[in-house]
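Trainee: Based on the provided sequences and hints, a complete structural model is requested.
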Amino acid sequence: MVHLLDLPDELLMQICEGLPPIDEQPHHATDIKSCRLTCQRLCAASSHLLVPVVAVDCRLASLERFNEIIHHPAIGKGVRTVRIPLHSYRRELSEVRTSFVKFIAEPAIHDLKNLHDAGAALGLFRRLMDQDLGLQGEHTKHDDHVWLRALDLVHGEYQRLFREQELLRRDGHFANTVALALAKMPHGTALVFDDKSCSKLDAANIEPIFQKHCCSLDLNPDFWRFEWYQMLSPNTWTYLVSDDFGWGPFSPNPAFEEPHLDFVLNLPSAIARAGGKLRHLQFHLKHHRDLDAVPLRIAAQPDFTMAMQEVEAITVIMRERHEDMTADGFTSLLLAKASNLRSLYMSLAYAGLQLRGLVSRPLHHLRQLHLDRAEIKVSELVDLLSGLPEYLDAMHLGFVVLAEGTWAQALDALREKSYGSLMIEAPDQPGHDDARWAFEPMGNIVYADRTGWLVVARRRVLGSLSPAEAFVLKLTSTNPCR
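Under my numbering, think of the first position of the sequence shown as 10, with each following residue one higher.
If you're looking for bench data, these hints aren't it; they were derived computationally from the structure. Possibly wrong hints are sitting among the right ones.
Stated by the list, open to error - Taking lysine to aspartate or glutamate and the DMTMM-like style, the derived pairs with C-alpha atoms no more than 20 Å apart in a straight line are: (1) K483 - E425; (2) K483 - D421; (3) K193 - D312; (4) K295 - D204; (5) K426 - E399; (6) K193 - E104; (7) K286 - E321; (8) K295 - D381; (9) K205 - E329.
What the hints assert, rightly or not - Derived CB-CB ranges, DEER-like: (10) A403 - Q220: 47 to 55 Å; (11) I78 - T415: 48 to 56 Å; (12) T415 - R179: 32 to 40 Å; (13) T107 - V62: 33 to 41 Å; (14) T415 - Q318: 36 to 44 Å; (15) N349 - S225: 50 to 58 Å; (16) E104 - H373: 44 to 52 Å; (17) V62 - S348: 22 to 30 Å; (18) L176 - K221: 15 to 23 Å.
Ideal Cβ positions, reconstructed from N, Cα and C, are used throughout, including at glycine.
Mentor: Here it is in structure tokens:
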């Protein structure tokens, strides 16, 4: 790739001659050199800001890419966040070909079933699983030979990636490498765990393999890239790709010891041992069950306690509610260890049980609290507030549901503290319709709808307060929900 800064002045002059001059003044070589010098200085000054977040997972190619970025003399200095996707290659899918076909290969190719090549592959997969054996010569078709070879190539690569992952996991190489890098980065103080796939990591790891397979099988790379990526990408911790193919959801066979979250959640301890300081810890997961499944022995490690004492901000975001939840799990232990916590953001998909661990922990240093989509009792809210300092820089209750008690009681409890900024967004909660007006901001705005008509609506305007917020901030004396 040729960069603008690398072009010779003569070529740049020809390019600029095709542009309209400013103020009828012709372009000169000195203008070109001045622009080039300005661009060089701008790039030199800002290049460390280009990559603020780096993702890395337990694959050798991913770890090598991570090391290249963080050791770059300019770009590496600007990395402020390390993202760890919580996914892995599974032992059962590696060792049992029929499981790999059921839950990986068939779902990946199913959307292309109406095309001849994909239909031939799916037909072969079904016959393989029905027989649970290899196909014998007289039963094979012409296309079967191609797709048997394709399956052998893809499954063999999946097995190689699983072995590679286990090697990096068991000897602690992955955790130690990431921890040492984060400890050396001047701004690398945030660690994000999430269970979403990472297309950039998959591309870096899988593209060379995919190109090699397509060449060997005489397949069109542009046509099969998405399907190959699906088959060779690691699977998230919360679920495997499984639609209605007649097999039901993936349920790991207890005979196979699957990888656990230990090897990535040991990272805070590894960072502490490496001399680094972790400031912000984030979890973005489908539901809370995955955190509660983390062996509590991780939180009992002395290095983990040391790491959490440096943490100033914790973010926990759940996208879905899960009924099978424990009342006291890994999250509450995080809060218990984070003795210097300044900021807490929790979005819990209305999983009320998880707040029991929160309200039982005094958070005397907390300055910002954001509870979103949470379910809480007024008694729990009172307990929570009793463990907070008298003044908070910011308090945000986003669509909180009261499992017990009234909003009048909740506002009285909130009024006992002082806040620099406050926002209370009321949910659509049955039985509280008569109090909804109390949470509407005190301001009308006028806007034009799609037809061009002017519409007046009550919307939150910057700086406006609802009656409930005004009462909690002691700007009014009457509880609007009483």
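Trainee: Kindly confirm whether 15 to 23 Å is satisfied by the beta carbon distance between L176 and K221.
Mentor: 22 Å, holds
Trainee: What's the verdict on K483 and D421, does the C-alpha distance respect the 20 Å limit or exceed it?
Mentor: 11 Å, holds
Trainee: Could you tell me whether the CB distance from N349 to S225 stays inside 50 to 58 Å?
Mentor: 56 Å, holds
Trainee: Below or equal to 20 Å on CA atoms is what counts here, so check K286 against E321.
Mentor: 10 Å, holds
Trainee: Using the beta carbons of T415 and R179, state whether their distance is inside 32 to 40 Å or not.
Mentor: Because 54 Å falls outside the window, the suggested range is violated.
Trainee: Is 36 to 44 Å right for how far apart the beta carbons of T415 and Q318 are?
Mentor: For Q318 against T415, whose Cβ atoms are near 39 Å apart, the range 36 to 44 Å holds.
Trainee: Does the alpha-carbon distance linking K193 and D312 stay inside the 20 Å limit?
Mentor: 18 Å, holds
Trainee: For the pair T107 and V62, does the Cβ-Cβ distance stay inside 33 to 41 Å?
Mentor: The hint (33 to 41 Å, Cβ to Cβ) holds, given that T107 and V62 are roughly 39 Å apart.
Trainee: Please verify whether K295 and D204 have alpha carbons no more than 20 Å apart.
Mentor: This hinted pair holds, its Cα atoms lying about 7 Å apart.
Trainee: Measure nothing beyond the straight line between the CA atoms of K483 and E425; if it is 20 Å or shorter, mark the hint as holding.
Mentor: Holds, at about 9 Å.
Trainee: Starting from the hint 44 to 52 Å, judge whether the C-beta atoms of E104 and H373 obey it.
Mentor: Between E104 and H373, where Cβ atoms are some 51 Å apart, the hint holds.
Trainee: For the pair I78 and T415, does the Cβ-Cβ distance stay inside 48 to 56 Å?
Mentor: Given a distance of about 53 Å, which is inside 48 to 56 Å, the answer is holds.
Checked against the numbered hints above, the structure breaks hints 6, 12 and satisfies the rest.
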